[in-house]
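Novice: Protein sequences appear in the order of chains A and B. For the first sequence, my numbering puts the final residue at 842, and the numbers step up evenly by one. For the second sequence, my numbering puts the final residue at 842, and the numbers step up evenly by one.
Treat each hint with caution, since some may be false.
[Claimed, not checked] Partial chain B-side listing against chain A, Cβ under 7 Å, derived: (1) SER537; (2) ARG546; (3) GLY617; (4) ILE618; (5) THR621; (6) GLY682; (7) SER686; (8) THR700; (9) SER722; (10) ARG724; (11) LEU799.
[Stated by the list, open to error] Cross-link-like lysine-lysine pairs, in silico, BS3-like; alpha carbons within 25 Å at most: (12) A:LYS410 to B:LYS800; (13) A:LYS498 to A:LYS453; (14) B:LYS800 to A:LYS800; (15) A:LYS814 to B:LYS800; (16) A:LYS550 to B:LYS800; (17) A:LYS800 to B:LYS410.
[Stated by the list, open to error] Sample of chain A residues facing chain B (criterion: CB under 10 Å; computed from the structure): (18) LEU480; (19) LYS550; (20) TYR588.
Keep in mind the hints are simulated off the structure, nothing from the lab. Please read these numbers as outputs of a predicted model, since none were measured by experiment. Glycine is no exception: its CB is placed at the ideal position from the N, C-alpha and C atoms.
2 protein chains.
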Amino acid sequence: MSDKRIQHEVLDYFFRPQSIAVIGVSPGTDETRFGGQYFLRSLMKAGYAGRLYAVGLGTGTYKGKNIYLDINSVPDEIDYAIVAVPAKFTPDILRDCIWKKVKAVHFFSAGFSELGGEFEANLQRELTDIARKSGIRFIGPNCMGIYHPKMGLTFNPDFPNESGALSVISQSGGNSEYAIRVGMKRGIYFSKVISYGNGADVNETDLLEYLAKDDDTKVIAMYVEGVRDGSRLFKVLQRTSKMKPVIVYKGGITETGKNAALSHTGTIAGSARVWNAVLKQAKAIEVNNMDEIIDIALLFKHTEPPKGRNIAIIGIGGGNSVFVADMCSSAGLITPLFSIRTRETLRQLLVTETGASYRNPVDLYGWSVVNSLRKVIEVIVENEKIENIVIHLPVGFVNAVNPGAIESCAESLISLPAEIKQRTIIVLLAIFSLKDMEIVLNLENKFAKSGLPVFTSAEQAAKALSGFIRYYEGIKA
Amino acid sequence: MSDKRIQHEVLDYFFRPQSIAVIGVSPGTDETRFGGQYFLRSLMKAGYAGRLYAVGLGTGTYKGKNIYLDINSVPDEIDYAIVAVPAKFTPDILRDCIWKKVKAVHFFSAGFSELGGEFEANLQRELTDIARKSGIRFIGPNCMGIYHPKMGLTFNPDFPNESGALSVISQSGGNSEYAIRVGMKRGIYFSKVISYGNGADVNETDLLEYLAKDDDTKVIAMYVEGVRDGSRLFKVLQRTSKMKPVIVYKGGITETGKNAALSHTGTIAGSARVWNAVLKQAKAIEVNNMDEIIDIALLFKHTEPPKGRNIAIIGIGGGNSVFVADMCSSAGLITPLFSIRTRETLRQLLVTETGASYRNPVDLYGWSVVNSLRKVIEVIVENEKIENIVIHLPVGFVNAVNPGAIESCAESLISLPAEIKQRTIIVLLAIFSLKDMEIVLNLENKFAKSGLPVFTSAEQAAKALSGFIRYYEGIKA
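So that you can see chain A by itself, here it is in the shape it has in the complex:
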């Protein structure tokens, strides 16, 4: 059995444990704060299907679970331990876990190399040394751990039970949560999300290797602050990108950001220029924030692999047409002028609308024209060589003069044939009031269910589409 095979099997205990002990359950402390009982409560609510035990200084029971004073008192084998105790106790706890033959440990505990002190860095090193000698693996310290909805594993009681095709490896717990919450809103669900913090033992590259072989994971995203072995990550990235897309957001790209990263996960962030070059060469998709990860994931979920960079831009409002055209063009997309024939067909279709424009971008101008939106798209698809269609709708403007019109627009897009929908992306603009926001949330939900990716920023939409196309150009090259 190769080392890699062993590694994959060991990491499997993080994602598919048959039994879990949460160490550090102390009922009576503030329930709004993170701690053992928070993790225990979250697992119970998510319906973790394995055997679940509580260990801690609490006496008696917590939510019906007996609290054991130490892990060795638990009368069962334990695959996975979640540890939420003060940093200074963690080496002892790890030794207990080894004695108990626990396979995998998650250290939520903070107070290690992220504090910048010698003492704390040594404490972290001690954990790593203990683990390396025994073969036990741990994630963290200073992280939220694993979300794997298929198994009922979670670190937050509010995360969805639905599974999806995206897996995220994130050095930041907050960014993990951010991805999951934005995902929920936009119809992206997850296979696995790993918040791995300081990465003292299991690191981003181990996790990337694991996910590369994970059949449930179709798209991988990473939020990385610092990396210990850059050349290994590069090799694994390069290999993985050939199998499935890897989206990478590198935090700490500036001196100040690096400083912040040092205080956050105690890792040293590399130079932006080097990262940029490395990611490009590895055919990874580089993004600049967590939202852009969900943007790209939406395209991989709904959009067919594009054959080129030609797009049609269709929307309402001349200023917006200029804006969306500028954003798409800046992102490297091409908006070819339509043929005279197409223009004439469109002109006849939209004949009542002075102010409309037919060249590409198509500016539908008048609100009444929402009725012809579907026809406009069909005329263009039939007559022009374009690979993707960008539709922009100014929700607040339309809603102010013609309530309900934006919803009819949406219906006509949802009713498009699947082969057109797989090439179409929607941008909702001009969102001002709470009413507009409610409409947008409803539309995001409806569009997601009907297979249409939705954005609320033209810049983000254009960048995502360009990154998506670049991935396919890259793996073909």
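Here the structure of chain A is known, so what remains is to put chain B in place on it, guided by the hints.
Specialist: Below, chain B alone, put in the same frame as chain A:
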């Protein structure tokens, strides 16, 4: 009397007319569509204080106003005419207006050089020729006209009656409306907004000269697609920037965008590189979308002229700290490390919070720490040489675990002494649900009233602050 003096007085008729005729009132047509009755209705609703007349093919009355068959039948002097008739009738209407001694005309009518045809371009030229011979001035064609709330002038029945210090010159009607609606949401009100469309007679530079001398206008913003006399605009920009800030968003910076601009307002957009250099030299503040205009206007409204680029970043969440630090640093802001003394004071203040960081950025980490936010700011202001404070709060995260905490945070910021508030900007992040959005809208409102600028994007906040500082560096240099 100099030419400029005359020009200012003539343009005054657009903003302070004693009487207005709306030409093209045809009741019975679809009320949701733009037209004469739309403008008439808007003026009546906004409470225009002058004498208001309707001219059109409608018979009888519209909302109690007698409809005259032509402007010469109106038994009164007319300062300003708003014309909403098909393009082909506009030369005749303009001649009627000259005969009637109207001083200023707004042509809403579209169907001129934006269509790209020879016939339509000639029609536009004809209008300009007629006007130049007589001394009458017009804005448009193909535009929404004037919003001047102090006089009850408006082109939309929903625009606010409140006046403010920002005036906007916009080639796009949609972008004018966008600015006004985003402004309402974020507490920015307007002195004057001019949608000038094709700019066949009165153009962006005429309007800039007018606003430069307008005492009610403290900050000017421009949305420009194309310019006929670049060197005149440059001179006026340079002169005006010394008196008051001019924010410029140039649309049509790419080939595709230029194309769209040509279809939108029939003007030819210049190269992005030239614009960039010209705006820099003229000390104008260049932005890339309409939101950034409101961003900068918020800083001019609430923030005192900064003495330098040093900032403190304070917020909740390690990942967000890295992100905000990267955004600020990329925008050219400086986040100096705090002294050991400040760090120690903060550490003692936040002693219960493992995971907190004190170096700058300050990561408050735990939710309970919202109580110490005000103290943290005061310690930093007292001990460090920083010019601005950036506070970032993850609304959705806090609200999920601790409802009400974000509002208490807000109260503690609102209660800061004025001299600190004038250096503080707020960034609200992690907005997921409709509830989060409602909280954000309420906070935007509360903060605006209490003199604190609020952003919902770290990137936008950082860019705005940097642009704001650059303006003061520029006029000092």
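Novice: The structure should be examined with respect to each hint, and the outcome stated for every one.
Specialist: Hint by hint, here is what the structure shows:
no., hint, result
1, SER537, "holds, 3 Å"
2, ARG546, "holds, 5 Å"
3, GLY617, "holds, 5 Å"
4, ILE618, "holds, 5 Å"
5, THR621, "holds, 4 Å"
6, GLY682, "holds, 4 Å"
7, SER686, "holds, 5 Å"
8, THR700, "holds, 4 Å"
9, SER722, "holds, 4 Å"
10, ARG724, "holds, 6 Å"
11, LEU799, "holds, 6 Å"
12, A:LYS410 to B:LYS800, "holds, 22 Å"
13, A:LYS498 to A:LYS453, "holds, 20 Å"
14, B:LYS800 to A:LYS800, "holds, 12 Å"
15, A:LYS814 to B:LYS800, "holds, 22 Å"
16, A:LYS550 to B:LYS800, "holds, 13 Å"
17, A:LYS800 to B:LYS410, "holds, 23 Å"
18, LEU480, "holds, 8 Å"
19, LYS550, "holds, 5 Å"
20, TYR588, "holds, 7 Å"
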